[in-house]
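Protein chains: 2
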Amino acid sequence: MSVIMQLPEGLEWAAHSCALMASLPGTPLPVRILAEFFDLPEPYLGKQLQKLSAAGIVKTRRGPSGGYMLADTPENISLLQIVEAVDGPTKTFKCTEIRARGPSAVAAGNYLRPCGIARAMWAADAAWRRALAEVSLHELVRRGMAETPPEQVERGAEWIRMKLQKTT
Amino acid sequence: MSVIMQLPEGLEWAAHSCALMASLPGTPLPVRILAEFFDLPEPYLGKQLQKLSAAGIVKTRRGPSGGYMLADTPENISLLQIVEAVDGPTKTFKCTEIRARGPSAVAAGNYLRPCGIARAMWAADAAWRRALAEVSLHELVRRGMAETPPEQVERGAEWIRMKLQKTT
Chain A
246 MSVIMQLPEG LEWAAHSCAL MASLPGTPLP VRILAEFFDL PEPYLGKQLQ
296 KLSAAGIVKT RRGPSGGYML ADTPENISLL QIVEAVDGPT KTFKCTEIRA
346 RGPSAVAAGN YLRPCGIARA MWAADAAWRR ALAEVSLHEL VRRGMAETPP
396 EQVERGAEWI RMKLQKTT
Chain B
246 MSVIMQLPEG LEWAAHSCAL MASLPGTPLP VRILAEFFDL PEPYLGKQLQ
296 KLSAAGIVKT RRGPSGGYML ADTPENISLL QIVEAVDGPT KTFKCTEIRA
346 RGPSAVAAGN YLRPCGIARA MWAADAAWRR ALAEVSLHEL VRRGMAETPP
396 EQVERGAEWI RMKLQKTT
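So the protein lines, in turn, are chains A and B.
Here our numbering is used: the first residue of the first sequence is 246, the next is one more, and so on.
Here our numbering is used: the first residue of the second sequence is 246, the next is one more, and so on.
Since the hints were derived computationally from the structure, they do not count as laboratory data.
One thing to keep in mind: the hints can contain errors.
Treat identical chains as interchangeable: a pair holds within one or across any two.
Simulated pairs of lysine-lysine, DSS-like, Cα-Cα distance not exceeding 30 Å [stated by the list, open to error]: (1) Lys339 / Lys292; (2) Lys339 / Lys304; (3) Lys304 / Lys292; (4) Lys292 / Lys336; (5) Lys408 / Lys304; (6) Lys336 / Lys408; (7) Lys411 / Lys292; (8) Lys411 / Lys339; (9) Lys411 / Lys336; (10) Lys304 / Lys411; (11) Lys292 / Lys408.
Keep in mind the model is a prediction, meaning the values are calculated, not measured.
All chains should be modelled from the sequences, with the hints used to inform the complete structure.
Structure, rendered in structure tokens:
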């Protein structure tokens with residue numbers, strides 16, 4: 246068996262949901278409509294939205310016309326915040342201190358610095374997070390709008406307007 | 246259930262095995278001795294060494310005094326090569342093109358560029374790999390020697406000499 250390091254697919258769903266919310270400011274979107282819009286299973290998408298909510302990225306409005314909205318402006322939300330909301334802040338490399346095992350090990354107090362292998366892995370992890378922190382949700386939406394066929398943007402907005410009218 | 250993106254622990258084992266081989270140039274190390282040196286399960290460590298071998302990072306010498314050796318100088322082996330040998334070159338973010346799903350989707354041919362979210366995730370993945378590519382095994386060993394208690398270096402070298410003498 247080979248374990249491959251990959252982010253959970255819920256991240257893609259969470260990021261697209263945030264991008265849609267950013268392009269419809271002030272419009273609460275129910276999980277049901279988001280799930281239908283992206284053709285995703287509602288319960289699992291709901292879990293991703295709860296994670297975004299726990300991280301303070303989205304907030305909910307209750308009531309018949311309630312739903313999820315961004316808790317801040319898209320300029321103030323980074324892709325890193327979305328990634329860490331879904332995947333957690335745990336580093337991609339875990340050091341189990343194998344230096345301190347086996348016949349050559351010395352007493353634990355003698356290891357004054359973290360292992361060089363761990364430090365190199367953590368530095369790369371930090372470079373990954375820095376790159377994610379540099380991209381705002383605003384920037385993602387700007388790029389997304391530029392590359393999405395205009396027909397889709399119109400069709401999507403129209404579909405959501407229609408769905409929200411039926412709800413209220 | 247929460248899935249957290251993390252590298253397999255076999256990576257730590259593979260990296261430490263390579264560092265040990267680098268500090269004992271020209272000395273083939275059997276899996277059995279490596280496993281005992283790091284206090285690791287031999288069959289699973291053996292799998293990591295096979296992955297390193299398949300990637301051309303280590304080579305084997307057969308026979309009673311055989312074992313694993315580096316296939317190149319430590320200056321020419323990067324931490325990225327070791328990571329990709331163990332974890333594969335698969336990107337940490339998989340795009341399932343949810344743009345092309347649901348009621349707003351247009352025909353697949355209309356998506357001329359990869360999704361902006363995927364491109365941002367892949368750019369961060371590339372930054373991570375660049376950081377790993379910049380660290381050579383030589384550099385890892387240099388740092389490791391500087392931070393390992395001298396007592397451990399001597400004890401480890403002595404233990405391996407003794408083990409190898411018993412083997413031959």
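Practice item. With 30 Å as the alpha-carbon cut-off, assign the pair Lys411 and Lys336 to within, between, both or neither. Key: So Lys411 and Lys336 fail the 30 Å test inside a copy (44 Å) and across (41 Å) alike.
Check your understanding: Between the shortest in-copy and the shortest cross-copy C-alpha distance, which are at most 30 Å for Lys339 and Lys292: within, between, both, or neither?
Key -> both (26 Å within a copy, 19 Å between copies)
Exercise for review: Check Lys339 against Lys304 for me: Cα-Cα at most 30 Å, and say if that holds within a copy, between copies, both or neither.
Suggested key: Between. Shortest inter-copy distance 27 Å satisfies the 30 Å Cα cut-off; intra-copy 33 Å does not.
Point to revise | Identical-chain pair category, Lys304 with Lys292, by Cα at 30 Å | key: So Lys304 and Lys292 pass the 30 Å test inside one copy only (14 Å; across, 47 Å).
**Study point:** Alpha-carbon proximity context of Lys336 and Lys408, limit 30 Å
**Key:** Close neither inside one copy (41 Å) nor across copies (36 Å); limit 30 Å.
Review point. Quick one: Lys411 to Lys339, C-alpha cut-off 30 Å, is that within a copy, between copies, both, or neither?
Key: So Lys411 and Lys339 fail the 30 Å test inside a copy (50 Å) and across (35 Å) alike.
Practice item. Go through the copies and call it for Lys292 and Lys408: within, between, both or neither, with a Cα cutoff of 30 Å. Key: Cα proximity of Lys292 and Lys408: one copy only (22 Å, versus 54 Å across).
Review point. Are the CA atoms of Lys304 and Lys411 at most 30 Å apart within a copy, between copies, both, or neither?
Key: Cα proximity of Lys304 and Lys411: one copy only (22 Å, versus 67 Å across).
Check your understanding: Using 30 Å as the alpha-carbon threshold, which applies to Lys411 and Lys292: within, between, both, or neither?
Key -> Within one copy, since 25 Å is at most 30 Å while 58 Å is not.
Point to revise | Intra- versus inter-copy proximity for Lys336 and Lys292 (alpha-carbon distance at most 30 Å) | key: both (22 Å within a copy, 24 Å between copies)
Review point. Is it within, between, both, or neither for Lys408 and Lys304, if the alpha carbons may be no more than 30 Å apart?
Key: Answer is within; shortest intra-copy Cα gap is 20 Å, inter-copy 62 Å.
Checked against the numbered hints given earlier, this structure breaks hints 6, 8, 9; the rest are met.
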